[in-house]
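There are 2 protein chains.
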Amino acid sequence: MPEIRQNIITRQWVIIANERAQRPDEFRAGAKPPAALPAHDPACPFCPGNEAETPPEIHRFPAAGQWQVRVVPNKYAALAAEGELVRTTAGLKRTITGVGIHEVIVESPVHKATLARLGDAEVERVLETFLRRYHQVLADPRVEAITLFKNHGVAAGTSLVHPHSQLIGTPIIPGEVRERLETALRFYDDNGHCIFCLTLADEQRDAARVVDENEHFLAFIPFGALSPFHLWIFPKRHCASFGCVEGGELPSLARILRRVLRKLGDGLGDPDYNFAIRTAPKESEQVRYYHWYVSVVPRVSKLAGFELGSGMFINTALPEESAAFLREIEVP
Amino acid sequence: MPEIRQNIITRQWVIIANERAQRPDEFRAGAKPPAALPAHDPACPFCPGNEAETPPEIHRFPAAGQWQVRVVPNKYAALAAEGELVRTTAGLKRTITGVGIHEVIVESPVHKATLARLGDAEVERVLETFLRRYHQVLADPRVEAITLFKNHGVAAGTSLVHPHSQLIGTPIIPGEVRERLETALRFYDDNGHCIFCLTLADEQRDAARVVDENEHFLAFIPFGALSPFHLWIFPKRHCASFGCVEGGELPSLARILRRVLRKLGDGLGDPDYNFAIRTAPKESEQVRYYHWYVSVVPRVSKLAGFELGSGMFINTALPEESAAFLREIEVP
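For the record, the sequence lines run as chains A and B.
With our numbering, letter number 165 in the first sequence gets 165, and the count goes up by one each step, no holes.
With our numbering, letter number 229 in the second sequence gets 229, and the count goes up by one each step, no holes.
Honestly, the hints are just simulated from the structure, not real lab data.
Keep in mind that the hints are not guaranteed to be accurate.
[Stated by the list, open to error] Cross-link-like lysine to aspartate or glutamate pairs, in silico, DMTMM-like; alpha carbons within 20 angstroms at most: (1) B:Lys302 / A:Asp272; (2) A:Lys93 / B:Asp272; (3) A:Lys112 / A:Asp272; (4) B:Lys75 / B:Glu51; (5) A:Lys112 / A:Glu3; (6) B:Lys75 / A:Glu3; (7) B:Lys75 / A:Glu19; (8) B:Lys302 / A:Glu176; (9) A:Lys302 / B:Glu176; (10) A:Lys302 / B:Asp272; (11) B:Lys93 / A:Glu321; (12) A:Lys75 / B:Glu19; (13) A:Lys93 / B:Asp206; (14) A:Lys75 / B:Glu3; (15) A:Lys93 / B:Glu320; (16) A:Lys93 / B:Asp202; (17) B:Lys93 / A:Asp41; (18) B:Lys93 / A:Asp206; (19) B:Lys93 / A:Glu3; (20) A:Lys93 / B:Asp190; (21) B:Lys93 / A:Asp202; (22) A:Lys93 / B:Glu321; (23) B:Lys93 / A:Asp272.
[What the hints assert, rightly or not] In silico contact screen, one side only, chain B against chain A (beta carbon under 10 angstroms); selected entries: (24) Lys93; (25) Tyr134; (26) Thr147; (27) Leu148; (28) His152; (29) Val297.
[Claimed, not checked] Calculated from the model, a selection of chain B residues having no Cβ within reach of chain A, i.e. all distances over 10 angstroms: (30) Asp41; (31) Glu53; (32) Gln68; (33) Leu185; (34) Val210; (35) Asp266.
Beta carbons: idealized from backbone N, C-alpha and C, even for Gly.
Next up, chain A with everything else stripped away, as it sits in the complex (with noise of 0.2 angstroms):
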């Protein structure tokens, strides 16, 4: 019998259809040989020499010779990163003019790079402007939440292949993440605990569901997940804030993360994926009730209509199967 789950973080409902649950490496089956990518390409706008491609660069590192991580507006920006902020209403029509920071984080100078494939202080570097720049732009007066993201391949919505992340800072704090914050709030109005320690440490414990483990973070699929391999990182420190990462977290981070990566492309065969780091907005930084993380969603399943339709899930993967191919992936 098919079981339903609910995910206690985000309180959703999900179908785990362990009955025409597919094998963790059925997964795999429609994964398309890696295309064979140049180490440099001439008509790559992110790549080395095409720098004038890009708007004025806002950093790079290192600052003087061969940069290797480069911050840039993002030339299609989703929102404007000059005007004044102007709510609207009229009648049941609310607007808010559509300023904010769009930028791109570019990984690497190397075209064909992979954060899954680069070494552990590469990807530290990257989540070190990640940092830098979650700090640089929540300055902004205008900005009241920042989502930091990555899009991996044509079917996570992204149409460069040169390695980048992106950075949106928004005006206004989704709905959505306040919802998450509220649930998380009554939980701990009801129980004095933050609901993500509590996960964590449950986690721990169970092991059924750890994909991966160091010192400061804790990779696992959650009980309820959405989506087949969709996973979770929480540091072990509490913080609702990704801005709170510091000293020997970095590597930490930079470590869990790649290993994760890298797993999902070994075992699944390179699938797309995004993730994003969701983080408290910036009037809740220091609150006990939230926590920051880092969510993984492998492209590996189709939201269909009754997704759509119910804002429930059906996951075709179980989660402990999940976690335990993915923890005996021997990965560097």
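Here the structure of chain A is known, so what remains is to put chain B in place on it, guided by the hints.
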């Protein structure tokens, strides 16, 4: 400057990226000529002659002679039709046994048929079957909510091309459905009106986002549409539940649904799409604050990391421009 709009019914904010907006006809750029399908495929489990390949039939119309519409249990059901509803809570883990109803409605005996190109009377037969199964499945004491939906095309999550829709009756009210109800209830409490009825009147008056209209229904692109050409079909008569459709409303609904799908098909080059009937759960079938409707989502854009990470959407089509484009497409 881009505009951030609120979808007043879902309370979601969406970035209308008008500076990188695509013209309506650009969305058909990726369209492939539809595969030339046979009228009958001997290998298709939904084609006449292969009735034994599906689980035992639940309903057929007409009862004698060649069926035109046929309802069968989904062979790969997400929920089990037999079994007891048992809730379990163990620490943070909540589960419910996966009992419920998962049916397939075969919409035509013709393999290559599509709803967009069937006659009005044929589409009406399909919707009549939806209504019949809606009432019968809701009578199951274990079923709390029903989602009726269609996946058309691979990008929309279907593998079988033979025209069919699905019904899922769940033993719980999906979290998103509950949230919509709560939002609508709050609006009713504050304003004394059904927010859907007000939106309907507003869209009729404004006319800029209307795609089609007839005696009983209005099809429009919401002011805060989450994705390009995302469409809603609202019944003009207030009712929380699809189950209340009666008399002349059924032919009206058949006609507007067929015309809308045909406009999308002709205008955008037969895109894959989903539709879903959003209807109140069993316990709220008669409430004054909720209003059933049909949501149609052509899969012409991709969800990416920003949407997954924030729950907020970027729509690269202007609702008013999309609506004008579809409105002007002449269909029978």
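Hint check results:
Distance hint between Lys302 (chain B) and Asp272 (chain A) is fulfilled; the C-alpha atoms sit about 12 angstroms from each other, no more than 20 angstroms. This hinted pair does not check out: Lys93 (chain A) and Asp272 (chain B) have alpha carbons roughly 30 angstroms apart, beyond 20 angstroms. In summary, the hint linking Lys112 (chain A) to Asp272 (chain A) is supported, as the alpha carbons are separated by about 15 angstroms, within the 20 angstroms threshold. At roughly 12 angstroms between alpha-carbon atoms, Lys75 (chain B) and Glu51 (chain B) fall within 20 angstroms of each other, so this suggested pair holds.
At most 20 angstroms may separate the alpha-carbon atoms for a hinted pair to count; Lys112 (chain A) and Glu3 (chain A) exceed this at roughly 41 angstroms. Proposed proximity of Lys75 (chain B) and Glu3 (chain A) is supported: the alpha carbons are some 17 angstroms apart, at most 20 angstroms. Restraint check: the Cα-Cα separation between Lys75 (chain B) and Glu19 (chain A) comes to about 11 angstroms, which is no more than 20 angstroms; the hinted pair holds. With a C-alpha separation of about 19 angstroms, the suggested pair Lys302 (chain B) and Glu176 (chain A) falls inside the 20 angstroms cut-off, and the hint holds.
Between Lys302 (chain A) and Glu176 (chain B), the direct Cα distance comes to roughly 19 angstroms. Compliance with the 20 angstroms bound is thereby established for this hinted pair. Taken as a hint, the Lys302 (chain A) and Asp272 (chain B) pair is honoured in the structure, with Cα atoms around 12 angstroms apart against an allowance of 20 angstroms. Among the hinted pairs, Lys93 (chain B) with Glu321 (chain A) is consistent with the structure: their alpha-carbon atoms are about 17 angstroms apart, no more than 20 angstroms. The hinted pair formed by Lys75 (chain A) and Glu19 (chain B) meets the criterion: a straight-line CA distance of about 11 angstroms does not exceed 20 angstroms.
About 12 angstroms separates the Cα atoms of Lys93 (chain A) and Asp206 (chain B), which keeps this hinted pair within 20 angstroms; it holds. Restraint check: the Cα-Cα separation between Lys75 (chain A) and Glu3 (chain B) comes to about 17 angstroms, which is no more than 20 angstroms; the hinted pair holds. This hinted pair checks out: Lys93 (chain A) and Glu320 (chain B) have alpha carbons roughly 14 angstroms apart, not beyond 20 angstroms. With a C-alpha separation of about 10 angstroms, the suggested pair Lys93 (chain A) and Asp202 (chain B) falls inside the 20 angstroms cut-off, and the hint holds.
The straight-line distance between the Cα atoms of Lys93 (chain B) and Asp41 (chain A) is roughly 49 angstroms, outside the 20 angstroms bound, and the hint therefore fails. Between the alpha carbons of Lys93 (chain B) and Asp206 (chain A) the distance comes to roughly 12 angstroms, so the proposed pair stays at or under 20 angstroms and holds. Taken as a hint, the Lys93 (chain B) and Glu3 (chain A) pair is honoured in the structure, with Cα atoms around 12 angstroms apart against an allowance of 20 angstroms. Restraint check for Lys93 (chain A) and Asp190 (chain B): satisfied, since their Cα atoms lie roughly 17 angstroms apart, inside the 20 angstroms limit.
Proposed proximity of Lys93 (chain B) and Asp202 (chain A) is supported: the alpha carbons are some 10 angstroms apart, at most 20 angstroms. The hinted pair formed by Lys93 (chain A) and Glu321 (chain B) meets the criterion: a straight-line CA distance of about 17 angstroms does not exceed 20 angstroms. Distance restraint check for Lys93 (chain B) and Asp272 (chain A): the Cα-Cα separation of roughly 30 angstroms exceeds the 20 angstroms cut-off, and the hinted pair is therefore not satisfied. Here the hint on Lys93 (chain B) is kept, as its CB sits about 6 angstroms from the closest CB of chain A, short of 10 angstroms.
Given hint, Tyr134 (chain B) at the interface with chain A, is violated; its Cβ is 13 angstroms from that chain's nearest Cβ, farther than 10 angstroms. For the restraint placing Thr147 (chain B) at the interface with chain A, the shortest Cβ-Cβ distance is roughly 4 angstroms, inside the 10 angstroms limit, so the hint holds. Restraint check, Leu148 (chain B) versus chain A: the minimum CB separation of about 8 angstroms is within 10 angstroms; hint holds. Interface hint at His152 (chain B): satisfied, since its Cβ lies 9 angstroms from the closest Cβ of chain A, which is below the 10 angstroms cut-off.
About 6 angstroms separates the beta-carbon of Val297 (chain B) from the nearest beta-carbon of chain A, less than 10 angstroms, and the hint is met. Every beta carbon of chain A lies more than 10 angstroms from that of Asp41 (chain B), the smallest distance being close to 22 angstroms; the non-interface claim holds. The beta carbon of Glu53 (chain B) sits about 17 angstroms from the closest Cβ of chain A, which is more than 10 angstroms, so the claim that it is off the interface holds. Non-interface call for Gln68 (chain B) relative to chain A: holds, since the shortest CB-CB distance, roughly 22 angstroms, exceeds 10 angstroms.
Consistency note on Leu185 (chain B): stated as away from chain A, and its beta-carbon is indeed over 10 angstroms from all of that chain's, at 16 angstroms minimum. The claim that Val210 (chain B) is not at the interface with chain A holds, since no C-beta of that chain comes within 10 angstroms of its own (minimum 15 angstroms). Every Cβ of chain A is farther than 10 angstroms from the Cβ of Asp266 (chain B); the closest lies at roughly 22 angstroms, confirming the non-interface assignment.
In the structure shown, a violation is registered for the earlier hints numbered 2, 5, 17, 23, 25, in ascending order.
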